[in-house]
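> Chain A is already provided as a structure; the job is to place chain C on it using the hints.
For the record, the sequence lines run as chains A and C.
Under this note's numbering, the first sequence has 229 at position 229, and the numbering climbs by one with no breaks.
Under this note's numbering, the second sequence has 183 at position 183, and the numbering climbs by one with no breaks.
Hints in this document: simulated from the structure, not taken from any laboratory.
Chain A is faced by these chain C residues, among others (derived, beta-carbon under 7 Å): (1) Leu-106; (2) Gln-170; (3) Ile-207; (4) Arg-208; (5) Asn-209; (6) Val-210; (7) Gly-214; (8) Gly-235; (9) Ile-294; (10) Ser-325; (11) Arg-326; (12) Thr-337; (13) Val-340.
Since the structure is predicted, the reported quantities are computational estimates derived from the model, not experimental observations.
Beta carbons are placed, not taken as given, at the ideal position from N, Cα and C, and that holds for glycine.
What follows is the residue order along each chain.
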Amino acid sequence: MNPQLKWKIIFIAGVILLCLYGLVGLPEFPTSLAAVKNNFAQRIKLGLDLRGGTHMVLQVQVQEAVGLYCDQTIDRFTQQVHEKNIGVGEIRRVDDTHILARNVTPEQAAAFRDLARDQFGADWDLSPAAGETSGYLLTMKPSVVARIKETTIAQSLETIRRRIDQLGLTEPTVVPTGRADNEILVQLPGEGDPTRAKAVIQAGGQLELRRVADDRTYSSEAEAMAAHGGVLPPGTELVRGRSDSATGNQAGAEAWYVLDRLPVVTGQDLRSASQSPNTEQPGRYQVNFSLSTSAAQRFGPFTEANIGRRMAIVLDHRVQSAPVIQSRIEDSGRIEGNFSQEEAQDLALVLRSGALPASIKYLEERTVGPSLGADSIRDGVRASVISLVAVMIFLVIYYRLSGVNAVVALLLNLVILLAALAYFGAVLTLPGIAGVILTIGMGVDSNVLVFERIREELRAGKANSSAIDQGFDRAFLTIIDTHVTTVVSAIFLFLFGTGPVRGFAVTLVIGLIANVFTSIYVSRAIFDWHLARMPRQAALSI
Amino acid sequence: MEFFHHVDLDWMGKAKYFVSLSLALLVIGGISLYRHGGLRYGVDFKGGTYVYVRFAGKPPVDAIRKGLAAEGLGNSVIQPISDISNPNANDVVIQLEQKGEGSEALDSGKQTVINALHKTFGSAALQDFNAATPTALADYLTQKDPLALGPTGGPRYTQLAQAIADFRDQRRSGLLTNFDDLLGVPGVNSAVLASLHDGFALSNFTIRNVEIVGPKVGAQLRRQAILATLYALAGMLVYIAFRFEWVYGAAAVVAVFHDVLITLGFFSLFHFEISLTVIAALLTLVGYSMNDTIVIFDRVRENLRLMRRDSLETIVNRSINQTLSRTILTSGLTFITVLVLFLMGGQVLRSFSFAMVVGVVVGTYSSFGIAAPIVVVWHRFRGEKAVAGTGSAAEKRLAAAGRR
Numbered sequence: 001m002n003p004q005l006k007w008k009i010i011f012i013a014g015v016i017l018l019c020l021y022g023l024v025g026l027p028e029f030p031t032s033l034a035a036v037k038n039n040f041a042q043r044i045k046l047g048l049d050l051r052g053g054t055h056m057v058l059q060v061q062v063q064e065a066v067g068l069y070c071d072q073t074i075d076r077f078t079q080q081v082h083e084k085n086i087g088v089g090e091i092r093r094v095d096d097t098h099i100l101a102r103n104v105t106p107e108q109a110a111a112f113r114d115l116a117r118d119q120f121g122a123d124w125d126l127s128p129a130a131g132e133t134s135g136y137l138l139t140m141k142p143s144v145v146a147r148i149k150e151t152t153i154a155q156s157l158e159t160i161r162r163r164i165d166q167l168g169l170t171e172p173t174v175v176p177t178g179r180a181d182n183e184i185l186v187q188l189p190g191e192g193d194p195t196r197a198k199a200v201i202q203a204g205g206q207l208e209l210r211r212v213a214d215d216r217t218y219s220s221e222a223e224a225m226a227a228h229g230g231v232l233p234p235g236t237e238l239v240r241g242r243s244d245s246a247t248g249n250q251a252g253a254e255a256w257y258v259l260d261r262l263p264v265v266t267g268q269d270l271r272s273a274s275q276s277p278n279t280e281q282p283g284r285y286q287v288n289f290s291l292s293t294s295a296a297q298r299f300g301p302f303t304e305a306n307i308g309r310r311m312a313i314v315l316d317h318r319v320q321s322a323p324v325i326q327s328r329i330e331d332s333g334r335i336e337g338n339f340s341q342e343e344a345q346d347l348a349l350v351l352r353s354g355a356l357p358a359s360i361k362y363l364e365e366r367t368v369g370p371s372l373g374a375d376s377i378r379d380g381v382r383a384s385v386i387s388l389v390a391v392m393i394f395l396v397i398y399y400r401l402s403g404v405n406a407v408v409a410l411l412l413n414l415v416i417l418l419a420a421l422a423y424f425g426a427v428l429t430l431p432g433i434a435g436v437i438l439t440i441g442m443g444v445d446s447n448v449l450v451f452e453r454i455r456e457e458l459r460a461g462k463a464n465s466s467a468i469d470q471g472f473d474r475a476f477l478t479i480i481d482t483h484v485t486t487v488v489s490a491i492f493l494f495l496f497g498t499g500p501v502r503g504f505a506v507t508l509v510i511g512l513i514a515n516v517f518t519s520i521y522v523s524r525a526i527f528d529w530h531l532a533r534m535p536r537q538a539a540l541s542i
Numbered sequence: 001m002e003f004f005h006h007v008d009l010d011w012m013g014k015a016k017y018f019v020s021l022s023l024a025l026l027v028i029g030g031i032s033l034y035r036h037g038g039l040r041y042g043v044d045f046k047g048g049t050y051v052y053v054r055f056a057g058k059p060p061v062d063a064i065r066k067g068l069a070a071e072g073l074g075n076s077v078i079q080p081i082s083d084i085s086n087p088n089a090n091d092v093v094i095q096l097e098q099k100g101e102g103s104e105a106l107d108s109g110k111q112t113v114i115n116a117l118h119k120t121f122g123s124a125a126l127q128d129f130n131a132a133t134p135t136a137l138a139d140y141l142t143q144k145d146p147l148a149l150g151p152t153g154g155p156r157y158t159q160l161a162q163a164i165a166d167f168r169d170q171r172r173s174g175l176l177t178n179f180d181d182l183l184g185v186p187g188v189n190s191a192v193l194a195s196l197h198d199g200f201a202l203s204n205f206t207i208r209n210v211e212i213v214g215p216k217v218g219a220q221l222r223r224q225a226i227l228a229t230l231y232a233l234a235g236m237l238v239y240i241a242f243r244f245e246w247v248y249g250a251a252a253v254v255a256v257f258h259d260v261l262i263t264l265g266f267f268s269l270f271h272f273e274i275s276l277t278v279i280a281a282l283l284t285l286v287g288y289s290m291n292d293t294i295v296i297f298d299r300v301r302e303n304l305r306l307m308r309r310d311s312l313e314t315i316v317n318r319s320i321n322q323t324l325s326r327t328i329l330t331s332g333l334t335f336i337t338v339l340v341l342f343l344m345g346g347q348v349l350r351s352f353s354f355a356m357v358v359g360v361v362v363g364t365y366s367s368f369g370i371a372a373p374i375v376v377v378w379h380r381f382r383g384e385k386a387v388a389g390t391g392s393a394a395e396k397r398l399a400a401a402g403r404r
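If we strip away everything but chain A, and leave its shape as in the complex, we get (with noise of 0.2 Å):
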């Protein structure tokens, strides 16, 4: 045998190993057939058609983002304004990222202008407003919406990626879906049910301790106003109380409060949180926090100052309760109502891993139950199995001994895009199990391509060696031509698609070089083999 075919087979024989180790843990020498299914179940990624699981499309809702920083350039302003004496009429919100300044008093319109400019001009662009004799519009400008709305983004999805690892869940999958670039991928294999995760993930999360500004709780809206005469305090406003926070009110009941605007603690100042059973009420449970040091010493004096007032823990701008304080308190509180363990658990965990600057709504959602996962395997497989014997009885009936070095190149591209998956770590979903059958199907191609100009030559009168030579050399072009225009829809695939549909488009991407490799070089080498064996004048079994 020539040396240069001895190192083809080496090399061969290299690369099956290589695969079967990747496939099954070749040199751990798995004992059983058991043991090598295990095995091999391990390494292959199965996707959530497979498995089961949910696959969820978030979408972060970023304008609101951009809508908080114009309300709080608003504040900001108004509070400068009548620091400085400016006389304005009104300064008020037109849009999402526009504020409309009215009624400025015309002597003083060169220091408006130059406030405007010296504090806000960084992200703002004044300009007169169109329609007003004396107003003014602040337009913000377009790279600060856009680095809004990417902070916004990133922030969301390391909350999201947070919360979701905190719920112990396997292999979860937190990214963006590349498809708009506010949406988020999330999937959560094995789970069949996403209520806990979805209602997890959806929560805001906001904190915030504030003074309650007359220890009273209205049961209206308007109760309160008609308390304050009309107007509240400078430096308060109005919030709502939850329905079923622990203050005594039955379900459905209302209550408001009138609380002072800025918060003595957030969410950003809790250094843990966790939920531990309530001692007052016996089968509820509680959420205990403990506050950063920067924070308690914020929070001893206030607390100090204000031992007999009532206090108001704010979650996500409603009041979940308003205790009266009874001493100082360094760093540590509680949050009570009426929870059970799930919710605690749930609010403790939401707090630990911050608020959301954003809200988010859902765009997509699908979930496959583990029955239908473990059924697509069986038929996937099935027919894989059902396909790949019928081509492999055809193959060795219509092309006899040459057959036979067909179905060896086949059963070699399947373990080469097998072995291919495990090493990746692509996920298998049902999609590419039908790319895996197409690659059977089309893989074949290449041979008979090969095959049939060898038979061309042999009726023509040639050799056999140099049939098989001009069979190899002619098919060559043609199988390249034929992949790479196949190669070129699953790219295009790859980029449209999603989940399942990518998985196809890497099956069979994967599939189709794998066959380059096992029609051209392999067939050829095992030709090879067999004619250095043959005698010179037999006929070649083809």
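Here is chain C on its own, set in the frame of chain A:
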């Protein structure tokens, strides 16, 4: 063994029959599309909520409808799904329209459907065993402790619960009809069975999977699907125009376009839904049909160099005859594989495999029935008898020299 030796059919002469067949199929497909008001989009492109439910016996559609109506979902579509590969399955898909852009939760429809089903077919007092997650089973068993394992029994029960759930999902398709079946699971004894009996009821249905897609997403995906297909076609056109003459590329693209249209027509005729995986199938069959056409064109290019004196028509005929063996074989084998997939691949891949089955057949015949004739007719139209058909200028010069 060999099918086709020395075939000498006049393909180009018969071209008019192929084209008429194509036109007929296109017209039939077009009429069907018109009658049904366009393509049937699946949830991926239409948006909405699809709940797939499997029942233990024949699905009681009327009872389902009444149950849903009681929850305000009276106008949902309930469709039994028949599955060729599993004719005894009793599946139903409940389709809810997507209610606008409301602020209500995306999954409110799904929750309502599940509640309605539980109210109609489940037990009010006990939990439904068929809907219980392994965690719920483990929690229950740990609490009741039927094996008297004491406070450390938690992990054992978690394992047992997983084994029970796996048995139900993998061996009984998620629908257990008799608790006694569980005796086959290692670790389950009569004490465990008794405690399960106490805490769980066996309903006659299980939710197989749920798909909820918002309406905006659906429209976006539709647009992307069309774009992806067009880009893929453009990419291939460029590649082929580069490897052959541009008219070959155009002919191949026309043939592939024709394939996609006929396949879509068949989808309409047979009431299959277009989903994301169907788009995957369409793009694959685009690639497959191109392959087929390229094989013929490759041979034409080779024969143009060898058979200088013959007319293009003769050369093309010869090329098709020479590659006929390969064409029948490959299409035959690919057809067998996708047919097996269609018959045995399960419900989920049904639309996908149908597209492939139709696509393989149409894609094969479009190569010699549509693409090749276009090339011949074009050259005839340009008044040339034989043309150097490669993209390389040197070869063109060589061919021109040879002709003189």
